[in-house]
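One line per chain: the protein sequences are A and B, in this order.
Sequential numbering of the first sequence, starting at 919, is according to the working numbering.
Sequential numbering of the second sequence, starting at 919, is according to the working numbering.
Note that these hints are calculated values from the structure, not bench results.
Since this is a predicted model, take the numbers as computed values, not measurements.
One or more hints might be untrue.
When chains are identical, the list treats them as one kind, so a pair holds in a single copy or across two.
Simulated crosslink set (BS3-like; lysine-lysine; CA at most 30 Å straight-line) [unchecked claim]:
{"id": "1", "residue 1": "Lys1211", "residue 2": "Lys1006"}
{"id": "2", "residue 1": "Lys947", "residue 2": "Lys993"}
{"id": "3", "residue 1": "Lys1058", "residue 2": "Lys1033"}
{"id": "4", "residue 1": "Lys1119", "residue 2": "Lys924"}
{"id": "5", "residue 1": "Lys973", "residue 2": "Lys1211"}
{"id": "6", "residue 1": "Lys1255", "residue 2": "Lys924"}
{"id": "7", "residue 1": "Lys1069", "residue 2": "Lys924"}
{"id": "8", "residue 1": "Lys924", "residue 2": "Lys1085"}
{"id": "9", "residue 1": "Lys928", "residue 2": "Lys1119"}
2 protein chains.
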Amino acid sequence: MIKSLKALSKRVESIPHDPMLDFMDQVGKVDNLIDLGFGDPDFAVAKNTKEAFIKSINEDHSHYADGQGTFQLRKAAMDYYDQKYDCKIEDPNEILVTGGAAEAINLALLSIVDKNDGIMIIEPEYSQYSTSVALAGGQKIPVDTISNNFKLTPALVEKNYQTALDKGIKPVAIILNFPNNPTGKSYSLDELKELASIFEKLNLWVLSDEIYAEQSYRQKHHSLYPLIPDQTILITGLSKSHSMTGYRIGFAIAKGEVALAMRKIQDTFLTCLPTPIQDAAAFAVKYDPDAGKRTRKEYFKRIKLVVDKLNQLGFSAEMPDGAFYVWAKVPKRFIGKSFEFCIDLAQKARVQIFPGAIFSSTASDYVRISCAQSEKILSRALVSIENYLKQGS
Amino acid sequence: MIKSLKALSKRVESIPHDPMLDFMDQVGKVDNLIDLGFGDPDFAVAKNTKEAFIKSINEDHSHYADGQGTFQLRKAAMDYYDQKYDCKIEDPNEILVTGGAAEAINLALLSIVDKNDGIMIIEPEYSQYSTSVALAGGQKIPVDTISNNFKLTPALVEKNYQTALDKGIKPVAIILNFPNNPTGKSYSLDELKELASIFEKLNLWVLSDEIYAEQSYRQKHHSLYPLIPDQTILITGLSKSHSMTGYRIGFAIAKGEVALAMRKIQDTFLTCLPTPIQDAAAFAVKYDPDAGKRTRKEYFKRIKLVVDKLNQLGFSAEMPDGAFYVWAKVPKRFIGKSFEFCIDLAQKARVQIFPGAIFSSTASDYVRISCAQSEKILSRALVSIENYLKQGS
């Protein structure tokens, strides 16, 4: 680059380097690596949804769509989220179709965050939250849940809110995701009501990322949205429920001015989402609302397989409430060194799992194992892990 | 909204209201309106590209893609832009696949613009530039070309650069689009070399939006990118060349650190673009590079039809160098009142064309007519315009 050109923006510099990339760099190239790192479901999209997609292409739906999302998709999504989680969405302009949940999070943050506003992020966290907060110019306020077995409580919210204030940072919003990636924790309706009360009391915007709602094992998923609709921006989408990560269909659901603000940014940023994919998505939510039920049983079997075996091998893992990850404490000799353990495991046992450090600086005793792969592959990986542990001991 | 929640961000407030929406609001609902406002090609996507798209869906390419874009699409696009416009792209990491040219512009601006940096925008302008500059926190420096029959010159660049400096605004970048939307102006290689020299001298980043490259009628399109590759961010895509506006495939092409910066923001914002659409796009650029040639002939006929007729009707219109719009000065009695004229025309003659005011505050004598519709529809619209003018006179 020519030196005298203006340098890159401070915004770019402020976006933290993704620790996942550091990890992958250190692992380097490993042949025949079994990847239990990423959360990309191995399921195919349902046949009838693919047919609807193909129909749209053949009918030449190759023109611009409404920037808010096609009316058909928004209407179908309104009904879906009303029926599934009692969201009571009253107006199709309260749903915005986005490029995955990722874009929804960014639109929400860009709509409400000014420079140096504090955003509370539950840790361990899905690392995109930190980068999105930085992109919007906000300051991350970590809310570490490790002291409470990874469950958020009103007391934890209040304590961290106060600590931020004491440091001169004004918290304006909180990003909550449940079922949680990576820890698998979720909340009962009573627990959510208690959290809603504290969010209300503290006047926090809540970005409630419920993308794993359909992967709830212990109980029906309850959404935060109907509890405090005036201050919740519901972040969701079809990537996990309908196993369509590569179709990139998400939703931001919110009321009033913030819905209009997100639309304004969407218009500027993307114009609209691809039309034929929206047709496929409309079919999926309308005619195959229970796609997530089919895969849920399979995920449960996979998770149980992994949890049981890991506990036999000296890890300490609980069955998660939801999502499709196993969050496990490493065997004693790797305590505090799960990053090194994961690098060595990838290089020697050819199994990639993610170290806790990717999700929180305090989680160096933990690893995350993704159950997005088949039982067969998971079994093979577990044998490799077992052999690795035997050789190393 | 609850009053005590944090208000919307200043960023949202700073994004100017889209004058096109004002216009549409004032037109209101008109039955059987012929829309010659928007630039959404009526052509279908080529059959073999649709087949490639369908193949990708059937092969279950429904998983995350590389955030930079699929390697296959980037490789095909490298070859395409090298062969078409001599871009000499050396590295597939110098191409980023984006959600249309719209996202490419935003990624470029977010990568280089800090608060209050000046961004020169050629007027009349495609209005998204102003909103994207505001989103990035920059200040628009309008460079009005009306005094030079809508052609940018080094002298105009230098004069407006100096004016901005005098006002205390530091220009760091310029957004140039050619063939130009709305005016249809383009530049010869010699003219581009002169512009490149002044951009180099002034150390400006150049966002060169060449989305209409394949709609060049007078001469072969020359890209600015090979002239000053170290300071150009080439904004392009397949929406116009391959008539796939609703597929949302664009490219940002740039070197070095700014390419990495755009990727970093892309990772944060969208994760990746939809996989099956990238497969369709890879097929389109590799096996149907001349899709734009087929439609070019048709656009030329349409444009000629409109230009000839408008000149007969008392408008003053030149054949454009490129793109698919006719930029016309209105008949004498509507001079200074093209906004009102367009509203009245839509309501009474049921033909929607866009007033110049949407594109520049100094263009109230002009209108833009989109030739994205068929000759048949254009002919019908021209009859309606003729009848309107007769009745009104």
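Structure-based check of all given hints:
Only within a single protomer do Lys1211 and Lys1006 lie at most 30 Å apart by alpha-carbon distance; the minimum there is 22 Å, versus 50 Å between protomers. For the identical chains of this complex, Lys947 and Lys993 are inter-copy neighbours only, at 22 Å across copies versus 46 Å inside a copy, given an alpha-carbon limit of 30 Å. In this assembly of identical chains, the alpha carbons of Lys1058 and Lys1033 lie at most 30 Å apart whether taken from the same copy (12 Å) or from different copies (21 Å). Taking identical chains as interchangeable, the C-alpha atoms of Lys1119 and Lys924 lie at most 30 Å apart only when they sit on different chains, with a minimum of 13 Å there against 45 Å within one chain.
Within a single copy, Lys973 and Lys1211 get their C-alpha atoms as close as 25 Å, and across copies as close as 27 Å, so both meet the 30 Å cut-off. Taking identical chains as interchangeable, the C-alpha atoms of Lys1255 and Lys924 are never at most 30 Å apart, the minima being 42 Å within one chain and 41 Å between chains. Taking the shortest Cα distances, Lys1069 and Lys924 sit within 30 Å of each other only across copies (26 Å), while inside one copy they are farther apart (45 Å). Within a single copy, Lys924 and Lys1085 get their C-alpha atoms only as close as 33 Å, which misses the 30 Å cut-off; across copies the closest is 19 Å, which meets it.
In this assembly of identical chains, the alpha carbons of Lys928 and Lys1119 lie at most 30 Å apart only when taken from different copies (24 Å versus 34 Å within one copy).
The structure does not agree with numbered hint 6 stated previously, though it agrees with all others.
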